[in-house]
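*Asks:* Sequence:
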Amino acid sequence: MRLLLLILAASPAAAALSLIEATVCEDIVAKEPARPGRSFPVGVDRLAIFLRVKNSGAKAEHVEVVWRQGGSVKGRAMLKIGPGPAWRTWSRQRLHGLSGSWTVDVLGPSGRRLKRVAFTARARGKSAVIPAATGARK
1 MRLLLLILAA SPAAAALSLI EATVCEDIVA KEPARPGRSF PVGVDRLAIF
51 LRVKNSGAKA EHVEVVWRQG GSVKGRAMLK IGPGPAWRTW SRQRLHGLSG
101 SWTVDVLGPS GRRLKRVAFT ARARGKSAVI PAATGARK
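Residue numbers 1 to 138, in our numbering, belong to the letters of the sequence shown in order.
Since the hints were derived computationally from the structure, they do not count as laboratory data.
Please read these numbers as outputs of a predicted model, since none were measured by experiment.
It is possible that some hints are incorrect.
Computed cross-link-like contacts, DMTMM-like style, restricted to lysine to aspartate or glutamate with a CA-CA straight-line distance of at most 25 Å [as the list claims (entries may be wrong)]:
hint : residue 1 : residue 2
1    : K80       : E61
2    : K115      : D27
3    : K80       : E21
4    : K59       : E21
5    : K31       : E64
6    : K31       : E61
7    : K74       : E32
8    : K80       : E64
9    : K80       : E32
10   : K74       : E61
11   : K80       : D105
12   : K74       : D27
13   : K31       : E21
14   : K59       : D105
15   : K115      : E21
16   : K80       : D27
17   : K74       : E21
18   : K115      : E61
19   : K31       : D105
20   : K54       : E26
21   : K80       : E26
22   : K74       : E26
23   : K115      : D105
24   : K74       : E64
25   : K74       : D45
26   : K54       : D105
27   : K115      : E64
28   : K54       : E21
29   : K31       : D45
30   : K54       : D27
31   : K54       : E32
32   : K115      : D45
33   : K115      : E26
Sequences and hints are given; from them, build the entire structure.
*Replies:* And the structure:
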């Protein structure tokens, strides 16, 4: 009987990227997240996901941001991450009045999910905003 040995190595690009922070918020002000949360009124026209990413590699890489509502893809963005210890970047998405559960996936260069952030777009009169947990800041 023969044995087949398969060795899988992580891609250097994937290993070079570290997601430090991923925060859903109402806006970006002075390159920082403003009014972060996990629940937002449907009346908010658009939201953003703010990312802080470390790229320890020697060349620029990309992360993909995928916005979903009820399991259906509503938006995608490819974001360039240059070499360095703390890149800040973001993606914005219009809500189009769609209430319910949303998720934002941040995917690395190989398509591996680095982070999933969930939030709710709620109809008027529902519960108050729940503050989002945020990562470390420099």
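*Asks:* It remains to establish, for every hint, whether it holds in the given structure.
*Replies:* Here is what the structure says about each hint:
no., hint, in the structure
1, K80 with E61, "holds, 6 Å"
2, K115 with D27, "holds, 20 Å"
3, K80 with E21, "holds, 16 Å"
4, K59 with E21, "holds, 21 Å"
5, K31 with E64, "holds, 19 Å"
6, K31 with E61, "holds, 20 Å"
7, K74 with E32, "holds, 24 Å"
8, K80 with E64, "holds, 9 Å"
9, K80 with E32, "holds, 17 Å"
10, K74 with E61, "holds, 24 Å"
11, K80 with D105, "holds, 16 Å"
12, K74 with D27, "holds, 19 Å"
13, K31 with E21, "holds, 13 Å"
14, K59 with D105, "holds, 23 Å"
15, K115 with E21, "holds, 9 Å"
16, K80 with D27, "holds, 20 Å"
17, K74 with E21, "holds, 22 Å"
18, K115 with E61, "holds, 17 Å"
19, K31 with D105, "holds, 21 Å"
20, K54 with E26, "holds, 24 Å"
21, K80 with E26, "holds, 22 Å"
22, K74 with E26, "holds, 17 Å"
23, K115 with D105, "holds, 6 Å"
24, K74 with E64, "holds, 14 Å"
25, K74 with D45, "holds, 14 Å"
26, K54 with D105, "holds, 17 Å"
27, K115 with E64, "holds, 11 Å"
28, K54 with E21, "holds, 10 Å"
29, K31 with D45, "holds, 20 Å"
30, K54 with D27, "holds, 22 Å"
31, K54 with E32, "holds, 16 Å"
32, K115 with D45, "holds, 24 Å"
33, K115 with E26, "holds, 19 Å"
The structure shown violates none of the earlier numbered hints.
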